[in-house]
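Participant: Chains as they are written, first to last, in our numbering: chain B, 147 to 445; chain R, 147 to 445.
These aren't lab readings, by the way, just hints derived from the structure by calculation.
List time: in silico BS3-like cross-link candidates among lysine-lysine, alpha-carbon distance up to 27 Å: (1) R:Lys328 <-> R:Lys405; (2) R:Lys205 <-> B:Lys277; (3) B:Lys361 <-> R:Lys166; (4) B:Lys375 <-> B:Lys328; (5) R:Lys429 <-> R:Lys361; (6) R:Lys300 <-> R:Lys361; (7) B:Lys166 <-> B:Lys322; (8) R:Lys277 <-> B:Lys205; (9) B:Lys277 <-> R:Lys277; (10) B:Lys166 <-> R:Lys289; (11) B:Lys289 <-> R:Lys166; (12) R:Lys328 <-> R:Lys407; (13) R:Lys428 <-> R:Lys300; (14) B:Lys328 <-> B:Lys405; (15) B:Lys289 <-> R:Lys289; (16) B:Lys429 <-> B:Lys375; (17) B:Lys423 <-> B:Lys361; (18) R:Lys407 <-> R:Lys300; (19) B:Lys429 <-> B:Lys405; (20) R:Lys289 <-> R:Lys328; (21) R:Lys423 <-> R:Lys398; (22) B:Lys407 <-> B:Lys328; (23) R:Lys361 <-> R:Lys428; (24) B:Lys166 <-> R:Lys361.
Number of protein chains: 2
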Amino acid sequence: MRLTGLGEFGLIERIRRSVKNSARTVIGIGDDAAVVSLVAGQQLLLTTDMLVEGVHFTKDMTARLIGRKAMNCSVSDIAAMGGIPRFALISLAVPGNLETVFVDDLFRGLREAAAAFALDIVGGDTVRNDKIVINVALTGEGKAGQVVSRGGAKPGDQILVTGPLGGSLTSGGHLKFLPRVKEARYLVEHFLPTAMIDVSDGLASDLGHILAQSKVGAVIEESAIPLRKGAIIDNALYDGEDFELIFTLAQKPAAQLLKTKTLYHFYRIGEIQEAAKGYLIKKRYGRCLPVENKSYKHF
Amino acid sequence: MRLTGLGEFGLIERIRRSVKNSARTVIGIGDDAAVVSLVAGQQLLLTTDMLVEGVHFTKDMTARLIGRKAMNCSVSDIAAMGGIPRFALISLAVPGNLETVFVDDLFRGLREAAAAFALDIVGGDTVRNDKIVINVALTGEGKAGQVVSRGGAKPGDQILVTGPLGGSLTSGGHLKFLPRVKEARYLVEHFLPTAMIDVSDGLASDLGHILAQSKVGAVIEESAIPLRKGAIIDNALYDGEDFELIFTLAQKPAAQLLKTKTLYHFYRIGEIQEAAKGYLIKKRYGRCLPVENKSYKHF
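Excised from the complex, chain B in its bound form (with noise of 0.2 Å):
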């Protein structure tokens, strides 16, 4: 069946039957907006990431992964801030000739990637276009105190992140890579990171906000950055869509954590230092050279 058959209001009911909720959705999908319940006194957390055909995906990707990646890209910038994902909207421009399965296999990846981390998808919009456009807008809940910004690196600070980076797009990382929540809920409750930031552009790109916002610069170590199977350096820092954290924390709690034993994985990679040493790779032979902020350029 076409989209075209089955009509909006055709195509909302069916999204609308397939979705469970949690008892903290008042009123989910089919009002004009939908109602949800927090916890009283806590902080919002509000995101929202937009896909597009042909840059962040092709139709020729299984649409599950597609909407898996979608939903993942935004619960990745809640886990960034250390906060709990919990309410999402899913904005969706499709051509009306396009099979009815590709989008219930999309809403598929969508609610298995909401279901991993409890959230409830609580509402959207449908809307035509030529080519397929995913746009998933995301409440997260902070607990006061434990909610961490890019800005709040200080000299000294040991960076680390919280797994391998690199060769996401030719190993498909990019498509199914978990987000780091449960680490980062491990970190503000135990450790709370001066600075913290997903990999989306790259480490040498994210790494580059923590320090334009903390306005410090920092050195890190070519040799103890953890590469995914088949990546070189290059490919961490420039690549991107790893969605690892990287974060910051103060020397002392940083030595407890890494000789820590947790379920988690977490690599030291380098050292914040004043904004006027500037921003440094220590190569693996020794000589320091200034970081290369390449990343990819969305225009």
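With chain B's structure known, arrange chain R on it following the hints.
Facilitator: Below, chain R alone, put in the same frame as chain B:
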């Protein structure tokens, strides 16, 4: 200047600088997610709207008015729940060769619409695409017991609208409308409608949503439906994009509302009846006909 020259981060920085937020916004544009605070115990209203070039607007329309419309479509959804719009996230897909001034004007329109309701633009996403796509995800605040869904209309309830309908496309009203936030707040605080919706697809279809979700029927009166200058009854029923509110009220409060002097305009257009009696329009010459539900097809 073209967007390719400005670059993604240049564009984001440009937008960030142009936006001024309230004290409710703890962290705005420029981190992984926005952090916001609401009064404890309030309910959240969440809505999202996607506007696509060639469907909802064309590039030869004023960018400022396109921005205004994009924001106001979501604001209207929060109004239709009786809520207060608070925090907006803007996703923007744009071609690299688009003039930067177009995006500046678009955001000027978005900011002006936001300022009219004292709501904050707290984040977003920017991607490259050959056609312009704008998604506005909006979080609103609902007071407990004052949130109005589409599902509460009862037989005997009166059906009212906040203003004239029809011809929004030919008159430019679809770009320049003012969402009925004040009217909705006045209603929920003094008369609490049993159901409410905004007119996006046309009276026939949107009242139809209230009927479907409330499991009731209705009879509307052709002679009572207020028409925009130059519009005929079919424009009111099927044009859409009026963004007036349709709401239902029990007979007593409806009578009371209609004799109260307010700053606002409310028009009684019909009555809710049992579902078995159907969805009818009483024509000027007295006959009742079924309402044809031939609303705008998105697919």
